[in-house]
Amino acid sequence: MNAALVFARKEAVEIVRTWRIWVLPAIILFFAITAPLLARFTPEIVGAVAGDQLGGISLPPGTSLDAYGQWIKNLSQITLFALIIIYGGIISSETSSGTAILVLTKPMSRVAFVVVKAVIHSLFLAVLALVGALVAWALTAAVFGDAPAGPVWSSTLVWLVLGVFSIALMTFFSALIPSAAGAAGAGMGAFVLLAIAALWKPLSDHSPAGLAGQAAALAAGKAVPDLLWPVVVSLGAAVAFVAAAALLFRRREL
Amino acid sequence: MSAAIRATGLTKSYGSKLVLDSLDLEVDEGSIFGFLGPNGAGKTTTLRLTTGLARATSGSIEVLGHNAQAPGNDVRSAIGFLPDVPAFYEWMTAPEFLFFVGGLFGMARTTLQERSDMLLDLAGLTGVTTRIGGYSRGMKQRLGIAQALINAPRLLLLDEPTSALDPMGRKDVLDMVASLRGRTTVFFSTHILSDVERVCDTVAILDKGCLVAHAPIDELKARYGKEKVVVEVTDHADDLAAAFAQRAWATAVARGALGSIEITVTDLVAARHDIPAIVAARGSGLARLEAGEISLEEVFVELVGGER
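So the protein sequences, as listed, match chains A and B.
Just so you know, we're using the working numbering here: the first sequence kicks off at 4 and counts up by one.
Just so you know, we're using the working numbering here: the second sequence kicks off at 88 and counts up by one.
Honestly, the hints are just simulated from the structure, not real lab data.
Because the structure is a prediction, the values reported are computed rather than measured.
Virtual Cβ for every residue (Gly too), placed ideally from N, Cα, C.
Among the hints, erroneous ones may be present.
What the hints assert, rightly or not - Incomplete in silico selection of chain B near chain A, CB under 10 Å:
#1 139
#2 140
#3 141
#4 145
#5 146
#6 149
#7 163
#8 172
#9 176
#10 192
#11 222
#12 225
#13 234
#14 237
#15 241
Claimed, not checked - A few chain A residues that don't get close to chain B, going by computed Cβ distances all over 10 Å:
#16 5
#17 6
#18 10
#19 60
#20 76
#21 81
#22 107
#23 128
#24 156
Working from the sequences, and respecting the hints, build out all of it.
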């Protein structure tokens, strides 16, 4: 079997047999389960907590689109930050622990080492996002009795592009910065910059900066006509970041 | 005989710190080569350059005829490497790790199963079902040696392979290294002199990044070691030690174990001729008179220990 495939199998088994199988799945499933429930019961909770303070204002009942909005908002904020922290060490954890040395003195190229990691963890995220969307969709149907498929799947897929872009970005930072915490800090900084960039519409419409907003719009059932550009640019940028990470890592002393 | 490793003017520096200074080294294929040096001499850096993990500042290094600074799969397929502190995926078991590294070499499953069983037995890890995370340092070191041998390498690079092992583990590893003689080139870095003396046929001594000696062990001892005579007498050992010290052929006299007298000599023939007469003249008896073996340790201390 090809060395890259053997290494890919190792990465996949490592996910299943270490903390990785618990942390990200738990976060995503938690949001998938709580989003429909919060959307359904928020008006009652707010009414009960506020009592007479709302002065007769009644909150409208939640809808399935509110549930999808909650799901995407949590993915775009907390889950994205969790991704940045978890993948700060995607490359550097192996170099700092020394495990990379035993692998890379075998017939396994450094480029394959980096690319395999980025691909396997992107696939892992895709599985989690799709399972999470399925759970959110099913629970929304159970709670509201009405759950249109289009908004939840399209918004989740657009968020997944942002998630894959994030993993690629963290792969680059982790190849560049030897410390996992340092790479996570750089990742946080990059996402603050993306959030600021999203305020400028041309950039928002043509880059990953606008993906979170576009995913939220899709979850709300709105039409997003020019989705192709940010998706293509984000995926292209993800490929470029992984390629840059591979080139950096190839030149790196271990 | 072709060279398994050939370094020419190999230099490595980190900023202003020179770690390896124009190293010229040739390791013959099939030899068991001891790479000696005190801590910080540059041994691990040399191995990192040999395996392509680090880049030389200047000079070149070839491994099995290929440039080690741009190693392709053909070089990596032919080497086995044990780093000084081997690190493993701690969630794996030892058989899983050997299957994983064997898979990286593209080994067939049946071959891998046979080789893995044999190496686990060699490493004393047969039947150990716990994850590697629970292993002692010695167990990890033995697994590290097993993984370095999984592909039956042409060149085995070992960085301090016995440093974490107990005496039995050390003996097993040294026996294993000795058993590879003639079939695999073993390049063996260590600061444990007795290990080198026991299994290596050629040795290089590195000090502060410079090669200070490079020769077959016997030649090295002959070149650098002074001759030594060990004498055991029945009586008056202290008086006799003082008398030997006054002779022109004696450069140093020391008391050894069990009351013996160790004399470093410049003229062995004269010493052998005079000693029995001196002993008889003092009214003592000669229990033993033999030329003492110069140890590699004495050569090493003479070469690198003077300024320490």
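Structure-based check of all given hints:
A distance limit of 10 Å between C-beta atoms decides the matter here; for residue 139 of chain B the minimum to chain A is near 8 Å, and the interface restraint holds. Residue-level restraint check for residue 140 of chain B holds (minimum Cβ-Cβ distance to chain A is 4 Å; threshold 10 Å). The interface hint given for residue 141 of chain B is met, as the beta carbon of that residue sits about 4 Å from the closest beta carbon of chain A, less than 10 Å. About 15 Å separates the beta-carbon of residue 145 of chain B from the nearest beta-carbon of chain A, more than 10 Å, and the hint is not met.
Taking 10 Å as the C-beta cut-off, the interface hint given for residue 146 of chain B is violated, the closest approach to chain A being about 16 Å. For residue 149 of chain B, the shortest C-beta to C-beta distance to chain A is roughly 17 Å, which exceeds 10 Å, and the interface hint is violated. Hint status for residue 163 of chain B: holds, given a least beta-carbon distance of 5 Å to chain A, under 10 Å. A least Cβ separation of about 6 Å between residue 172 of chain B and chain A falls short of the 10 Å threshold, and the interface hint therefore holds.
Below 10 Å, beta-carbon pairs count as interface contacts, and residue 176 of chain B has one with chain A at about 6 Å; its hint therefore holds. The interface hint given for residue 192 of chain B is met, as the beta carbon of that residue sits about 6 Å from the closest beta carbon of chain A, less than 10 Å. Because the beta carbon of residue 222 of chain B sits about 14 Å from the nearest beta carbon in chain A, more than 10 Å, this interface hint is broken. The beta carbon of residue 225 of chain B comes no nearer than 17 Å to any beta carbon in chain A, farther than 10 Å, and the hint placing it at the interface is violated.
Because the smallest distance between the Cβ of residue 234 of chain B and any Cβ of chain A comes to about 7 Å, under 10 Å, the interface hint for this residue holds. Taking 10 Å as the C-beta cut-off, the interface hint given for residue 237 of chain B holds, the closest approach to chain A being about 9 Å. With a cut of 10 Å, the hint placing residue 241 of chain B at the interface with chain A is violated, because the nearest CB-to-CB distance is about 14 Å. A beta-carbon of chain B comes within 10 Å of the beta-carbon of residue 5 of chain A; the shortest separation is about 7 Å.
For residue 6 of chain A, the requirement that its beta carbon stay farther than 10 Å from each beta carbon of chain B is not met, with the minimum near 5 Å. Its beta-carbon lying about 7 Å from the closest one in chain B, residue 10 of chain A breaks the requirement of being farther than 10 Å from that chain. Separation of residue 60 of chain A from chain B is adequate, the least Cβ-Cβ distance of about 55 Å exceeding the 10 Å criterion. Even its closest Cβ contact with chain B, about 34 Å, leaves residue 76 of chain A beyond 10 Å, as expected for a residue assigned away from the interface.
For residue 81 of chain A, the non-interface assignment is confirmed: its Cβ lies about 27 Å from the closest Cβ of chain B, beyond the 10 Å cut-off. Against the 10 Å criterion, residue 107 of chain A falls within the reach of chain B, whose nearest CB is about 7 Å from its own CB. The claim that residue 128 of chain A lies off the interface holds: its Cβ sits roughly 21 Å from the closest Cβ of chain B, which is beyond the 10 Å cut-off. Here residue 156 of chain A stays apart from chain B, with its beta-carbon at least about 34 Å from theirs, past the 10 Å limit.
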